[in-house]
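Undergrad: Residues per chain, in single letters:
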Amino acid sequence: MSDQFSVVGAPIKNVQLLGHVTGSTQYVDEISFPGMLWVKAVRSPVARGKIKKIDTSKAEKLPGVVRIITAKDVPNNIHVNMAVIGIGPPDEPVLPEDEVKYKGEAICLVVAKDEDTAAKGAQLVEVEIEELPPVLDMEEALKPSAPVITKWGINAFIYGSGMDGATMPGRPGRPFFLVKRGDVEAAFKKADYVVEGSYLIPPIEHAPIEPHVCVAKPEPGQRLTIYTTTQAPYFVRDNVASILKIPPSNIRVVAPAVGGGFGGKVDPEFEMQVAVAAMCVGRPVKWRWTREEEFTISTTRPAIKIEIQDALSSSGLILGRRARLLHDSGAYTRTSPYGVIKSTVNLSGPYHIPNVYYEGYCVYTNRQPSSAMRGYGVFEVSYAVELQMERDARKLGIDSWEFRFKNAYRNGQVTATGRLIDDAYLIEVMKVAAALSGVSLPHHLLQMSSWG
Amino acid sequence: MRIRFKLDGQDVEVDVKHTDTLLKVLKDRIGVGSVHFGCGEGSCGACMVLINGRLRYSCLTLAGYVDGKEVTTVAALARDGELTEIQRAFLENDAAQCGYCTPGMILTAKVLLEKNPSPSDEELFDALAGNLCRCTGYIPIINAIKSVSRR
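So the sequences go chain by chain: A and F.
Numbering of the first sequence is given in my numbering, commencing with residue 143 and proceeding in unit increments.
Numbering of the second sequence is given in my numbering, commencing with residue 1402 and proceeding in unit increments.
Isolated chain A, as found in the complex (with noise of 0.2 Å):
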């Protein structure tokens, strides 16, 4: 292959290196421009309320502080985030007009002549909140008796009623993603064993050492330049384009090199309001998170509990399985619902399960907003499924990597939502693993293959 190609087959040097060991590496936060201003927000103390009133006399009287940008001042107060590739609904504002729904969600934007006076006058402004018990339990969110914290009447999102944006709207619809094949409760009726497990996954911040900074620059004849530090600049584009009401052409969206992203720097979580900030001013501003607002306000990787229940029989296969899993959107949509349809259609993991039964919802709850961060609704999943793999294994009492060779995909098995398996290679893989982790495996395990 090495005659044939110069590139396919050689590792190639990360051209940004040079930049980084010289200190020469151009981030967002380099970017400056005379007679810039920066944003600060003035936050949510609770998780859940209504804003009654914001005064911001105080705020506005002190020297430096240029404008105080609230929810009127945006002219479409919807933060479209990921309905712009079908994931929807848009239930999030860009600044709340009367409920905050987590601790920290931005009320309003405070815009002055450097960071510190934007701080201060954040400090300044003050808003009256009515206090609403929180719901911040996914299993309480669920419950009938919980408070209700989205639009449509219940703390999870409607599969299949056109909310997802894939299916016509009008549908009946359900609470959860589901997946199902075979026949499950027959399954179980025949099983020798029943093991049943249950596990949770916390939320993790991505935490890149570069927090989430934007620099917003308003350009003659209703056009923006937007440098930002984002792994996804037309998201970007498209969500302010909507939120301010111009065409996606006027604006420019630049982004210099990332200081680490993660997942955690997919959504546009802030842009749209530093955009809004700039033209509510006309001059370029400026907003670099804190390291604490990186934590509290950002996106993270979502909570998840997964329920399993196996049906083994004791010549060591798995006949059925049942699962349900909750994952903690937070607040607000984001890219949740495409996480959960990712995570429940990978419950079997990658194993032959002939019947099967999966319940995904994706739950609201009073949290920061979670959202894509490496393989999200994939990792959590594996996790769960290969620790059930040992329980099922002990419960059988026979070795697990013995179980993992008998119940993997083989070449020609169907998948649970029905794709024909034709590149299976984990019997191969494990083979490897064993060798490589010095574990020798058993002769009538190095004789399986993925084609028989």
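The hints are simulated quantities; they were obtained by calculation from the structure and are not laboratory data.
Given the structure is predicted, the values throughout are model-derived calculations rather than measurements.
Think of the CB as a built atom: it goes at the ideal place given N, C-alpha and C, for glycine as much as any other residue.
Subject to a maximum C-alpha distance of 27 Å in a straight line, what follows is the list of computed DSSO-like cross-link-like pairs (lysine-lysine):
hint, chain 1, residue 1, chain 2, residue 2
1, A, Lys192, A, Lys262
2, A, Lys255, F, Lys1418
3, A, Lys447, A, Lys322
4, F, Lys1418, A, Lys262
5, A, Lys573, A, Lys548
6, A, Lys293, A, Lys192
7, A, Lys200, F, Lys1418
8, A, Lys245, A, Lys195
9, A, Lys484, A, Lys322
10, F, Lys1418, A, Lys203
11, A, Lys214, A, Lys255
12, F, Lys1407, F, Lys1470
13, A, Lys447, A, Lys537
14, F, Lys1547, A, Lys155
15, F, Lys1547, F, Lys1516
Taking beta-carbon pairs under 8 Å as the criterion, some of the chain F residues facing chain A (in silico):
hint, residue
16, Thr1474
17, Leu1484
18, Cys1499
Since chain A is already given, all that's left is putting chain F on it; use the hints.
TA: Structure of chain F alone, referenced to chain A:
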């Protein structure tokens, strides 16, 4: 108050508030690109500089403190485009991914090797304890530093 200091060999004169940190002045007033804001509370090391040759978090240093002193960032290490040995080692060992922590890592390595040219693994890990890399590239960073240490 007005302070004067040398920044990467150049004379700098700037008006600062008593409460301004050196990081704030370097980033937001002078526009230095070789120092990064990461946490603002002395945890991550992205803002590290040398003050009269000593390693310091610029986010925990008041700007007034550097009056009359020499502040060095990673940008001053290469001379006429010629990289130092430790910079070359970072390049050769792919010891950077996003690069945000790299200036601090390189300054830490430089100071460590000047004091202790052949650090043990433990001394190396100990020296790097104040610098976080979230791309989890610690192994190539350690390999780079080891490659220039005298064994």
